[in-house]
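> Now for the letters of each chain:
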Amino acid sequence: MIKQIRLQGLSFRGELDGQRIDFGGRITYLALVPWEFCNWTCRYCHEQQRIKEAGELSTAEMRVIVREAGSLGIRAVLLLGGEVLLRATWPTVQEIVDEAHGQKLITLIYTNGSQLTESMVQWLADRDVSLAFKVDSLDQELCDRLTGQLGALASIMRAIELARKTSIGSVVHETSREKLVRLLFTTVGNALNAQEYVALARFATNKGARWMMEALNHRGDAVSHRELALDAKTHSEAMRIAMALNPEQYHAFDQPCRLFSCVTVRKKGQIAICPQDYSFLGNICELGSLKAACDLVKTEIERRDWRKAWTGVCPIKVGHFVNV
Amino acid sequence: MALCEVKQVLLRAATDPGFRKALMEDPDNVFVRFNLTEEEKQSLRGLSEDRIAEAVGGPDSDMTWISMNDIRI
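Chains A and B, in that order, are what the protein sequence lines are. Our numbering applies: residue 6 is where the first sequence begins, and numbers increase by one. Our numbering applies: residue 2 is where the second sequence begins, and numbers increase by one.
Don't take every hint at face value.
Sample of chain B residues at the chain A side, in silico, Cβ under 10 Å [as the list claims (entries may be wrong)]: (1) L4; (2) C5; (3) V7; (4) L11; (5) G19; (6) E40; (7) L48; (8) I53; (9) A56; (10) V57.
Simulated from the structure, these hints should not be mistaken for lab results. Glycine is no exception: its CB is placed at the ideal position from the N, C-alpha and C atoms.
Turn these sequences into a full structure, and let the hints steer you where they fit.
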């Protein structure tokens, strides 16, 4: 029987055993963007933000936010950059992850893996962290081209194999229908890699990973890199085929997006619902607490009526495509 | 343009019973006629008729896939 693959951090162990989480009633995820600088120069990434800026949150402030997340009953911390796992930022990452682990939060880190070492990944594995690796293409030339980095594909593969040697590569929990894993491969879908969705989904399954598609970021550089602009019909057809041929990676869209149960705090304290939403609702430094930020998010979700109006299409992403 | 090759296999399997039988019973013999990656070959092995139909889709099926994102699960 085909088992659907779910990711620890976005999904939770109890859910596989039938536990229901009240995503509408409380904030479940904290998405923290500690910085946006990166050692890679992906073409679709928002170039103007990939810098260190004045007024960014300190490590101590981020620890306070994570600690409060634990006290509020938030279940998972998603760490996104920029690139999170850099040698230079590692001590800060360790402090944040230690804080989250102490609060019994699941941490999920999005990374290009380029500076990941055996000791780093083991440290993360010991703290129950899930890792999300960027895999935009299995074609060396295209991968290098998309990431702006020579040898990117080899670098990603090296990092994935390092992670797979630890408990991050193991199945956390399994039922007759589903399995929970700690490895996620993310693909930023664009016009150059839409042909590869089938292969990318299968590759993730082969490696025991969940595959996640993020169609081109709306703040990304499709405007200045028109060759990346993704046609909605092409994308949709490629996704339909990829999911039909890789049912392990398929999940029905009948429930509203889980990120409607997320509070995002960006590097200077800006509050948003989803990490891909740049319509900031306020600033945590002014609000004074994560609880106030969560209340703001819940009010905004209700005001926008996103849960009730859910049709299976992300209200943020729907505008990302060239012909929608 | 590997997806074009996958689509060719699927469309032919959906419309040609002989080809579909060959794909289901002896896929490797079918694959030699197409330019497919190893992952695509793996994805095309062991397909049922229902799954082929699902992959080929109907006229209204496409736009529902616009924002697939696993954070929903």
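> Could you check if B:L11 really has its C-beta closer than 10 Å to a C-beta on chain A?
holds, 7 Å
> Verify the interface restraint on B:A56: the C-beta must sit less than 10 Å from at least one C-beta of chain A.
Holds: closest Cβ of chain A sits about 4 Å from B:A56, inside 10 Å.
> Quick check on the hint: B:C5 CB to chain A CB, less than 10 Å?
With Cβ-Cβ at 7 Å, under 10 Å, it holds.
> Would the hint on B:G19 stand, with a C-beta cut-off of 10 Å toward chain A?
Because about 21 Å separates B:G19 from the closest Cβ in chain A, which is outside the 10 Å limit, the hint is violated.
> Hint B:E40 vs chain A: min CB-CB distance below 10 Å?
The hint holds - B:E40 has a Cβ within 10 Å of chain A, the shortest such distance being about 4 Å.
> Hold the hint about B:V7 up to the distance rule: shortest CB distance to chain A must be less than 10 Å.
holds, 5 Å
> Taking the least C-beta to C-beta distance, is B:L48 closer than 10 Å to chain A?
Where the cut-off is 10 Å and the nearest Cβ of chain A is about 7 Å from B:L48, the hint holds.
> Is the shortest C-beta separation between B:L4 and chain A less than 10 Å?
Since the shortest Cβ distance to chain A is 4 Å, the answer is holds.
> Per the CB criterion, is B:I53 less than 10 Å away from chain A?
holds, 8 Å
> Hint validation: B:V57 versus chain A, beta carbon distance must be below 10 Å. Holds or violated?
It holds, given that the least Cβ distance between B:V57 and chain A is near 8 Å, below 10 Å.
Checked against the numbered hints given earlier, this structure breaks only hint 5.
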